[in-house]
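Take a look at the letters that make up each chain.
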Amino acid sequence: MEYKAFMIKYAEIGTKGKNRYLFEDILCKNINRKIKKLGDFRVRKEQGRIFIDAQSDYDYEDVISALQKIFGIVGICPVMVTETTDFESMRHDVISYVKQAYDRHTFTFKVDTRRNDKTFPMTSMEVNAELGHDLLVAFPELSVDVHQPQEIIHVEIRRQLYIYSIIIPGPGGLPVGTNGKGMALLSGGIDSPVAAYMIAKRGVEMEAVYFHAPPFTSERAKKKVIDLAGLVADYTGTIRLHVVNFSDIQMAIYDNCPHEELTIIMKRFMIRIAEELAKKNDCQCTVTGESIGQVSSQTVFSLCVINDVSTLPVFRPCIGLDKQEIVDIAEKIGTYETSILPYEDCCTTFVAKHPVTRPALSAIEKSEAKLQGTIEELLQKALESVETILCRSRE
Amino acid sequence: MEAYFDNAATTRVAPEVAEVIMQTMIKDYGNPSSLHIKGMEADAYVKHAAEVLAKELKADEKELVFTSGGTESNNLAVIGAALANQRNGKKIVTSAIEHASVSAAADYLSELGFQVVTIGADKQGHVDLDTLKQAVDTDTILVSVMYVNNELGSVQPVAEIAKLIKEQNPKTLFHVDAVQAFGKYRIYPKRTGIDLMSISAHKIHGPKGVGALFVRDRVKIKPLFYGGGQQTGIRSGTENVPGIAGLSVAAKLACSDMEEKMAYVAHLKEQLIRGLTAFENVESHSGEAPHIASITFHGVRSEVMLHALEERGIYVSAGSACSSHKKAVSSVLKAIGLTGDSLESTLRFSFSYDNTEEQVQYAVDTIGELLPTLRKYVRK
Numbered sequence: 001m002e003y004k005a006f007m008i009k010y011a012e013i014g015t016k017g018k019n020r021y022l023f024e025d026i027l028c029k030n031i032n033r034k035i036k037k038l039g040d041f042r043v044r045k046e047q048g049r050i051f052i053d054a055q056s057d058y059d060y061e062d063v064i065s066a067l068q069k070i071f072g073i074v075g076i077c078p079v080m081v082t083e084t085t086d087f088e089s090m091r092h093d094v095i096s097y098v099k100q101a102y103d104r105h106t107f108t109f110k111v112d113t114r115r116n117d118k119t120f121p122m123t124s125m126e127v128n129a130e131l132g133h134d135l136l137v138a139f140p141e142l143s144v145d146v147h148q149p150q151e152i153i154h155v156e157i158r159r160q161l162y163i164y165s166i167i168i169p170g171p172g173g174l175p176v177g178t179n180g181k182g183m184a185l186l187s188g189g190i191d192s193p194v195a196a197y198m199i200a201k202r203g204v205e206m207e208a209v210y211f212h213a214p215p216f217t218s219e220r221a222k223k224k225v226i227d228l229a230g231l232v233a234d235y236t237g238t239i240r241l242h243v244v245n246f247s248d249i250q251m252a253i254y255d256n257c258p259h260e261e262l263t264i265i266m267k268r269f270m271i272r273i274a275e276e277l278a279k280k281n282d283c284q285c286t287v288t289g290e291s292i293g294q295v296s297s298q299t300v301f302s303l304c305v306i307n308d309v310s311t312l313p314v315f316r317p318c319i320g321l322d323k324q325e326i327v328d329i330a331e332k333i334g335t336y337e338t339s340i341l342p343y344e345d346c347c348t349t350f351v352a353k354h355p356v357t358r359p360a361l362s363a364i365e366k367s368e369a370k371l372q373g374t375i376e377e378l379l380q381k382a383l384e385s386v387e388t389i390l391c392r393s394r395e
Numbered sequence: 001m002e003a004y005f006d007n008a009a010t011t012r013v014a015p016e017v018a019e020v021i022m023q024t025m026i027k028d029y030g031n032p033s034s035l036h037i038k039g040m041e042a043d044a045y046v047k048h049a050a051e052v053l054a055k056e057l058k059a060d061e062k063e064l065v066f067t068s069g070g071t072e073s074n075n076l077a078v079i080g081a082a083l084a085n086q087r088n089g090k091k092i093v094t095s096a097i098e099h100a101s102v103s104a105a106a107d108y109l110s111e112l113g114f115q116v117v118t119i120g121a122d123k124q125g126h127v128d129l130d131t132l133k134q135a136v137d138t139d140t141i142l143v144s145v146m147y148v149n150n151e152l153g154s155v156q157p158v159a160e161i162a163k164l165i166k167e168q169n170p171k172t173l174f175h176v177d178a179v180q181a182f183g184k185y186r187i188y189p190k191r192t193g194i195d196l197m198s199i200s201a202h203k204i205h206g207p208k209g210v211g212a213l214f215v216r217d218r219v220k221i222k223p224l225f226y227g228g229g230q231q232t233g234i235r236s237g238t239e240n241v242p243g244i245a246g247l248s249v250a251a252k253l254a255c256s257d258m259e260e261k262m263a264y265v266a267h268l269k270e271q272l273i274r275g276l277t278a279f280e281n282v283e284s285h286s287g288e289a290p291h292i293a294s295i296t297f298h299g300v301r302s303e304v305m306l307h308a309l310e311e312r313g314i315y316v317s318a319g320s321a322c323s324s325h326k327k328a329v330s331s332v333l334k335a336i337g338l339t340g341d342s343l344e345s346t347l348r349f350s351f352s353y354d355n356t357e358e359q360v361q362y363a364v365d366t367i368g369e370l371l372p373t374l375r376k377y378v379r380k
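First to last, the sequence lines map onto chains A and B. Per my numbering, the very first residue in the first sequence carries number 1; after that it's consecutive. Per my numbering, the very first residue in the second sequence carries number 1; after that it's consecutive.
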């Protein structure tokens with residue numbers, strides 16, 4: 001069947017009181033931006049729902065797939081639209097809809113009618129009863145259940161007739177752009193793109209930072225992070241990726257600090273730099289893919305010592321997830337295959353064979369003090385030489 | 001300065017090669033199988049290419065099959081010869097330093113029930129001929145040994161190998177992967193006793209995606225592809241006319257003044273090895289081939305050195321690629337007995353006649369500057 005429209009269901013937005021219209025406007029804008037390449041569509045708000053009217057031919061699968069990547073959408077209902085206004089044709093349309101929309105006609109149902117056109121000569125209840133009866137006659141194995149129907153056949157009488165019943169799940173969450181902006185630390189691994197996705201899902205716009213350390217990390221590793229940002233951008237919209245050249249800082253740490261503390265101290269500097277970039281770019285938080293206990297720098301002790309340098313909140317949505325749970329999300333959102341490409345980083349030079357797992361803040365601060373006098377200039381240089389890359393969704 | 005020392009990976013297409021490719025793409029674009037004049041024109045390029053290769057190899061045009069490159073040529077030779085001759089025996093002999101397109105094809109044959117014997121190599125990357133000789137018996141249908149090893153540049157005595165194979169079993173076929181040797185050495189497979197020989201265009205300033213397999217007259221191989229029966233049925237599929245025309249021009253180019261060019265390339269290689277081994281803890285494992293140098297920089301991971309050189313416009317290859325997750329250690333370096341640090345610290349420099357002494361000097365100087373710094377930052 002060729003659907004001429006989609007009705008978009010959203011849940012949480014509806015609970016946002018007076019700000020509701022703001023949320024709806026942003027959702028409409030996000031939908032528009034995402035689907036405009038796929039055809040000529042009109043997106044409109046109407047009585048707590050959003051309708052997308054197709055005004056040209058389009059590819060159904062492509063549009064559904066695009067809509068399923070827009071946070072804030074809970075369900076997508078493909079709608080049959082006809083020019084019908086008289087009741088006799090309406091009977092015919094509803095039967096034709098049910099015939100085409102379902103392969104098997106053995107479910108329980110009810111008809112739920114709304115009249116926007118109040119001049120229509122029958123009440124909603126009357127229409128429900130009549131159409132229900134028609135469907136039972138047309139499909140003898142259907143049965144009516146008004147309390148817990150398996151399918152609700154929605155009929156809306158407007159200038160045109162809208163019929164829909166199938167709900168395709170959306171990604172849920174809140175529209176990106178309704179909840180501030182975050183700076184995600186992307187490493188090229190599995191966890192950080194998932195973290196960026198999860199925070200964006202709550203409506204947070206995303207920028208990202210990557211620490212490039214040539215010659216210890218390769219151009220391919222950088223390209224991989226750019227690709228990952230592009231994949232996350234399918235959900236978040238274009239991501240500005242800030243590439244920081246971290247080599248000199250890494251080498252200074254290596255030269256001056258105990259080897260088993262390198263990773264912790266490196267991460268503290270990464271957070272410091274990410275925060276600087278966050279503030280410069282109007283982000284209210286930073287986002288990392290850390291998960292308790294995954295590696296030595298992610299023990300609770302290490303996390304505390306790393307966290308100590310932050311002044312903005314650091315959001316770590318993967319914190320309580322097992323590796324497999326993170327992998328499952330990565331596979332679902334399509335970043336996994338890219339994340340496991342083998343040039344993750346050549347940074348192993350800077351990983352100690354026996355890193356500390358219970359670092360003491362005082363000890364780490366003492367080690368860092370040895371960098372005073374050199375590190376300030378290096379930090380400034382790193383921040384001044386940031387390369388910003390726009391990572392767009394390729395869809 | 002830019003210095004491309006990765007010519008064993010691929011080479012720049014020569015302008016005269018690019019020209020003929022362009023010509024066959026936009027002007028003489030016919031299908032060689034078409035009956036009309038356009039088809040005939042295209043077919044002429046294929047025929048001419050066969051003639052050129054036949055002349056350089058002192059073979060017959062009918063003994064050449066055009067393929068999609070070295071990998072296909074090696075697969076077609078190894079799998080095709082094994083499948084076509086399995087009634088004579090089930091044993092395949094190959095070496096531990098072969099290119100993956102030979103060793104993985106042999107693995108596939110062993111899955112099919114063939115017995116695959118792999119012959120080891122010494123520290124210099126030379127296949128052990130005594131063991132090889134012992135391995136060839138009445139059941140052996142194919143021996144596959146490469147001419148020039150792609151990672152080390154070691155050269156196998158293929159004529160000697162051919163002789164000892166035929167002494168053991170005249171029916172045993174001998175395949176030579178000459179992808180790194182063609183254009184560097186004059187090779188006459190028929191005179192040498194080679195039955196099958198693979199070559200590739202993009203190692204000799206030709207395009208990627210085209211190569212050839214020499215199949216000595218009356219040697220039976222089973223095709224990998226089935227279809228329209230082009231190339232006497234050994235390799236169905238419309239001929240890659242632009243690629244084949246490009247291969248032909250590249251082959252002619254490589255074989256003209258080859259001795260002079262290779263003497264020059266060998267000189268560059270010597271200059272590099274001399275320069276680099278003057279530094280402390282730098283070791284050469286380079287073989288005899290004029291264009292390949294294999295150098296170990298102890299205490300520096302090869303990928304780090306590679307990327308440091310890349311930043312300075314110098315392009316080389318790492319025998320082993322490693323990452324924090326997976327270690328892909330070169331099987332060739334392992335086979336010649338390298339261990340530990342040497343396995344992870346070896347780079348390949350491969351030359352072409354378009355490299356210069358200045359480039360080599362630049363690389364030597366750059367590495368001299370880099371070594372102390374890079375050696376400082378090691379995992380503790």
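Hints in this document: simulated from the structure, not taken from any laboratory. Since this is a predicted model, take the numbers as computed values, not measurements. A portion of the hints provided could be inaccurate.
[Claimed, not checked] Straight line, CA to CA, 25 Å or less: simulated DSS-like cross-link-like pairs of lysine-lysine:
| id | chain 1 | residue 1 | chain 2 | residue 2 |
| --- | --- | --- | --- | --- |
| 1 | B | Lys376 | A | Lys366 |
| 2 | B | Lys380 | A | Lys370 |
| 3 | B | Lys208 | A | Lys366 |
| 4 | A | Lys353 | B | Lys27 |
| 5 | B | Lys376 | A | Lys381 |
| 6 | B | Lys380 | A | Lys353 |
| 7 | B | Lys27 | A | Lys223 |
| 8 | A | Lys370 | B | Lys208 |
| 9 | A | Lys323 | A | Lys9 |
| 10 | B | Lys27 | B | Lys208 |
[What the hints assert, rightly or not] A few chain B residues that face chain A, going by a derived Cβ cut-off under 7 Å, partial list only:
| id | residue |
| --- | --- |
| 11 | Lys47 |
| 12 | Asp137 |
| 13 | His307 |
| 14 | Ala308 |
| 15 | Tyr377 |
Every residue gets a Cβ at the ideal spot worked out from N, C-alpha and C, and that includes glycine.
These are the hints, each one checked on the structure:
Proximity of B/Lys376 to A/Lys366 is assessed by CA-CA distance (about 23 Å); at most 25 Å being required, the pair is judged to hold. Annotation: proposed proximity of B/Lys380 to A/Lys370 holds, straight-line Cα distance about 19 Å (limit 25 Å). Of the supplied pair hints, the one linking B/Lys208 and A/Lys366 is violated, its CA atoms being roughly 57 Å apart against a limit of 25 Å. Between A/Lys353 and B/Lys27 the alpha-carbon distance is near 62 Å, which puts this suggested pair outside the 25 Å criterion.
Note on B/Lys376 and A/Lys381: the hinted pairing holds, with a Cα-Cα distance of about 23 Å set against a maximum of 25 Å. Distance check on the hinted pair: B/Lys380 and A/Lys353 sit about 6 Å apart at the alpha-carbon level, within 25 Å; holds. For the hint pairing B/Lys27 with A/Lys223, the CA-to-CA distance comes to about 38 Å; that exceeds 25 Å, so the pair is violated. A distance of roughly 53 Å separates the Cα atoms of A/Lys370 and B/Lys208; the hinted pair therefore is violated under the 25 Å criterion.
For the hint linking A/Lys323 to A/Lys9, the alpha-carbon distance of about 32 Å lies beyond 25 Å, and the restraint is violated. Taking the CA atoms of B/Lys27 and B/Lys208, the gap is near 21 Å; set against the 25 Å cutoff, the hint holds. Here the hint on B/Lys47 is broken, as its CB sits about 42 Å from the closest CB of chain A, past 7 Å. Look at B/Asp137: its Cβ only gets to about 41 Å from chain A, farther than 7 Å, so that hint breaks.
The criterion of a C-beta within 7 Å of any C-beta in chain A is met by B/His307, whose closest approach is roughly 4 Å, and the hint holds. The beta carbon of B/Ala308 comes within 4 Å of a beta carbon in chain A, closer than 7 Å, and the hint placing it at the interface holds. Contact between B/Tyr377 and chain A, as hinted, is supported at the beta carbon level, the nearest pair being about 5 Å apart and thus within 7 Å.
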